[in-house]
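Asker: Input sequences plus hints: build the corresponding full structure.
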Amino acid sequence: GESVGLHLPTLSVQEGDNSIINCAYSNSASDYFIWYKQESGKGPQFIIDIRSNMDKRQGQRVTVLLNKTVKHLSLQIAATQPGDSAVYFCAEILQTGANNLFFGTGTRLTVIP
Amino acid sequence: DAGITQSPRHKVTETGTPVTLRCHQTENHRYMYWYRQDPGHGLRLIHYSYGVKDTDKGEVSDGYSVSRSKTEDFLLTLESATSSQTSVYFCATGTPSRRSNQPQHFGDGTRLSIL
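Those sequence lines, one after another, are chains A and B. Start counting the first sequence at 71; every next residue gets the next number (our numbering). Start counting the second sequence at 5; every next residue gets the next number (our numbering).
Take the hints with a grain of salt, since some may be wrong.
What the hints assert, rightly or not - Chain B is nowhere near these chain A residues, computed Cβ spacing over 12 Å in every case:
(1) T80
(2) N92
(3) D125
Claimed, not checked - Okay, derived cross-link-like pairs now, DSSO-like style, lysine-lysine, Cα gap no bigger than 27 Å in a straight line:
(4) B:K15 / A:K112
(5) A:K126 / A:K138
(6) A:K126 / A:K141
(7) B:K74 / B:K61
(8) A:K126 / B:K15
(9) B:K15 / B:K74
(10) A:K112 / B:K61
(11) B:K57 / B:K74
(12) B:K61 / B:K15
Keep in mind the hints are simulated off the structure, nothing from the lab. Being a predicted model, the structure only gives us computed values, none of them experimental. The beta carbon of each residue, even a glycine, is placed where N, CA and C say it ideally should be.
Answerer: Here it is as structure tokens:
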């Protein structure tokens with residue numbers, strides 16, 4: 071997952087700009103990745119997932135890119151809106167299984183109106 | 005989201021007391037999970053269930069037990085609460101799919117403070 075620390079990495083973007091949130095994962099054997107969004111006082115919300123046999127997947131206004139060579143995952147949000155302000159987590163899965171999901175510590179995205 | 009209700013939403017209790025957190029879902033999802041969330045850590049899995057009366061341990065299961073007597077309810081119990089168990093607890097549900105059995109729907113959390 072992402073670097074662990076007492077303070078979340080932060081990203082501030084202007085409304086309407088594109089956002090890129092990065093995540094470095096640790097295990098080269100991880101074969102499935104998920105991005106979650108967590109708003110203040112709420113539980114995480116599933117955004118998009120990607121398998122290791124893919125390098126790109128697109129959803130509505132979001133794109134996930136996977137670079138297995140450098141063990142890097144990114145989430146791109148197009149035309150960022152104030153409602154996108156939240157903490158974003160990547161999670162990696164070593165192999166399919168209910169107890170093998172490991173979360174990063176997250177990045178706090180702030181959208182400036 | 006996905007009909008997940010956690011109760012209570014907030015609780016303050018003392019060290020050594022038993023605490024039970026409840027998760028109720030209305031979506032008939034097979035898998036249910038309990039996570040804790042702490043500053044500086046990602047969400048960490050405590051226990052999960054893959055069916056009624058079928059449960060297994062997660063990464064940080066020490067000091068916790070769970071029960072699932074009905075599809076819709078998953079209980080997390082701290083038999084004797086300690087201050088290190090002060091945290092925000094999230095319940096999640098999921099259904100088996102071609103991709104995975106991973107949690108896709110989370111409740112809004114229970115904030116537990118142990119003094």
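Asker: Among all the numbered hints in the text so far, which are the ones the structure does not match?
Answerer: Result: hint 8 breaks, nothing else.
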